[in-house]
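Student: Given next are the chains, with one letter for each unit.
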Amino acid sequence: MGLNNWLLALHLLSAFALVGAIVLFWVVVVVVRRTDRPEQVASAARLLPVGSVAVVVGSLGVVVFGVWLAISLDGVKVWDGWVIAAIVLWAIATEAGRRSDTEFAPCVARANELVAAGQTGSDPQLAELARTSRGLVLHTVATVATLLIVVDMIWKPGA
Amino acid sequence: MLAAIRPDGWNLPLFLHVFGAMVLVGGLLVTSASVAVARGDVRLLRIGYLTLLSVCLPGYLVMRVGAEWIYSREQLADATDDPAWVGIGYITADAGALLLLIALVLGGIGLRRQRGGSGAGMLRASLVMSVVLLAAYVVTVWAMGAKPV
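Protein sequences appear in the order of chains A and B.
To convert, count from 1 in the first sequence and add 50; that's the numbering used here.
To convert, count from 1 in the second sequence and add 3; that's the numbering used here.
Incorrect hints may appear among the rest.
Stated by the list, open to error - Estimated spans, in silico, between C-beta atoms of each pair: (1) A:169 <-> B:90: 53 to 59 Å; (2) B:90 <-> A:178: 49 to 55 Å; (3) B:112 <-> A:190: 32 to 38 Å; (4) A:181 <-> B:93: 29 to 35 Å; (5) A:183 <-> B:76: 37 to 43 Å; (6) B:101 <-> A:134: 39 to 45 Å; (7) B:115 <-> A:53: 48 to 54 Å; (8) A:127 <-> B:115: 52 to 58 Å; (9) A:125 <-> B:43: 49 to 55 Å; (10) B:64 <-> A:201: 16 to 22 Å.
Claimed, not checked - Selected chain A positions facing chain B (Cβ under 10 Å, derived; list incomplete): (11) 74; (12) 197; (13) 206.
As the list claims (entries may be wrong) - Counterexamples of contact, computed for chain A against chain B with all Cβ distances above 10 Å: (14) 162; (15) 173; (16) 174; (17) 190.
Derived by calculation from the structure, the hints in this document are not laboratory data.
On a predicted model such as this, the values are computed, not experimentally measured, just so you know.
From the three backbone atoms N, C-alpha and C, an ideal C-beta is built for every residue, glycine too.
Make a model of the complete structure from these sequences and hints.
Tutor: Pasting the structure below:
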């Protein structure tokens with residue numbers, strides 16, 4: 051097994067970690083938007099550290115091993131259109147995901163604050179924070195950009 | 004760079020296969036994380052089980068349909084022996100289907116019983132199975148990329 055096989059395997063595993071994190075964040079978003087009860091939000095939010103690790107490992111791994119592979123493979127150049135498109139989409143997905151995280155952070159903080167205070171009933175402010183449409187749109191943008199990267203990687207337009 | 008340049012006719016089945024696999028593994032990450040961080044929190048076990056049902060199962064089906072489609076397109080079926088990476092894919096897909104089914108049934112029973120105050124153990128057991136599945140599919144993803152032999 052050569053270096054390129056290893057690079058492709060690590061690139062692929064990183065991509066799966068990145069998509070895994072996106073799926074995890076979707077699950078949390080769906081759960082959080084369907085409730086106004088602090089314990090439920092706080093429970094779902096306990097998944098977030100796992101998603102954060104996966105998104106960092108996935109995002110960095112996919113670009114590092116991808117660029118390395120593009121340099122290493124004979125038939126591919128880093129400046130090929132489809133490679134540049136993937137890097138641009140990766141940057142969009144990363145920034146949209148980061149901003150989405152910032153949008154949902156106050157909701158998680160509020161839920162943890164209420165749970166610590168022993169308040170278990172529904173909370174209108176929590177519900178409002180959970181239903182942030184800006185956070186939802188940003189997470190959708192990150193998801194669509196990531197999906198387009200997969201499409202770009204498979205169809206390789208212009209290659 | 005999911006693979007080298009290939010005939011256009013292979014792209015759609017490959018996309019379906021990869022997309023389904025990504026959704027499946029993503030769902031398994033959620034279910035595994037749920038059981039890992041739950042520490043007795045039944046709400047998280049429920050989230051894990053519902054993810055297994057609504058994310059992992061559809062992801063598995065799309066992955067499996069895509070796998071058969073790309074397998075027939077690549078005419079690997081005509082070869083005398085499958086390469087090792089195809090064998091690993093088939094073994095984990097077929098054994099994984101059985102384990103996924105058992106986990107879904109067990110978790111479903113656990114979810115029903117949980118309404119009466121019990122069933123958390125069955126939910127947990129169902130999600131522990133998903134950890135095994137996640138480990139198997141990580142190896143499979145590695146094999147699909149590295150293509151050993």
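Student: Name the hints, by number, that the structure is in violation of.
Tutor: 4
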